Structures are given as C-alpha cells and as structure tokens.
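Novice: Throw the hints in and build the complete structure from the sequences for me.
Per my numbering, the very first residue in the sequence shown carries number 76; after that it's consecutive.
Calculated directly from the structure, the hints in this document are not laboratory data. It is possible that some hints are incorrect.
To be verified - Lysine to aspartate or glutamate pairs mimicking EDC-like chemistry, simulated, CA-CA at most 16 Å apart: (1) 105 x 157; (2) 106 x 157; (3) 154 x 177; (4) 128 x 167; (5) 128 x 168; (6) 106 x 162; (7) 128 x 193; (8) 154 x 189; (9) 108 x 162; (10) 105 x 158.
Unchecked claim - For each label pair, taking beta carbons as the anchor points, the in silico distance ranges come out as: (11) 195 x 96: 36 to 42 Å; (12) 175 x 91: 22 to 28 Å; (13) 148 x 182: 26 to 32 Å; (14) 185 x 96: 35 to 41 Å.
Treat the numbers as computed from the prediction; the structure is a model and nothing was measured. Glycine included, each C-beta is placed from N, C-alpha and C at the ideal position.
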Amino acid sequence: MLAFTLPLGPSVNHLYILTSRGVRLSDDAKKFKADAGLIIRSAANVQGGWLHKANAPLSLYLRLYVPNNRRADISNVIKCTEDAIADALGFDDRHVQRILVERMGVDKVNPRCEVVLEAIL
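Specialist: Laid out in structure tokens, this is it:
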C-alpha cells in the first residue's frame with residue numbers, strides 16, 4: 076500500500092488543448108503531472124518504495140477535498156491523477172482495476188486529493 080496527498084488535478088475538460096499540430100496535453104496538466112510525480116516518488120521513498128508484482132491488479136482510492144461548493148463532476152479529476160501516479164511509479168494505468176472516488180467536503184485553504192494505491196490480492 077502507498078498513501079500520499081496531491082493537489083487537485085485539472086479536470087478532463089482542461090486536460091488537452093487543440094493546436095494546429097493536433098491535440099496535446101495542456102500546460103496545467105503538464106505542470107500537475109510533474110509536481111505530482113515529485114510528491115508520489117518522495118512518498119514511495121519515505122514509505123519504503125513501491126513494491127508490487129508486475130502487472131498486478133491495482134486499487135486506487137481518492138478522497139477529494141474541493142475548494143468550494145461549486146457543482147463539479149468528481150469523475151473529471153480521475154484521469155490526470157491516475158496518469159500522474161502511473162507515470163511516477165512506472166506502471167501502465169490499465170492495471171488499475173478498481174477506483175473509488177469520494178468527495179469528502181470543502182477545504183478552501185487546502186483543497187487536495189488524498190490517495191491510497193494498493194495491489195489487489
């Protein structure tokens with residue numbers, strides 16, 4: 076099991092931009108993935124590394140603390156967060172077999188996503 080806290084990732088609605096050369100990751104998404112990668116790798120090092128069997132099925136639990144009560148679709152936060160975790164830990168996100176996302180409440184001072192990642196036995 077690996078647990079860590081990330082800032083809220085960008086919504087799927089803001090994940091990609093259309094350019095004359097095609098679709099690419101937005102600058103906000105690139106920054107989030109880079110910042111999240113540092114947090115995730117640091118947490119993995121502090122907690123003794125991310126040890127799991129290659130290709131093992133994984134479970135991802137996300138607890139969201141949002142900055143306000145504005146109506147928002149919590150499923151829009153999943154993709155960039157899941158991609159950042161997979162990139163940082165070096166696994167293919169297709170191995171995530173279970174995702175639980177909960178909106179925990181409003182935290183205007185510290186909006187965040189608390190993450191627990193574990194192998195499904």
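Novice: Name the hints, by number, that the structure is in violation of.
Specialist: Hint 13 contradicted; others consistent.
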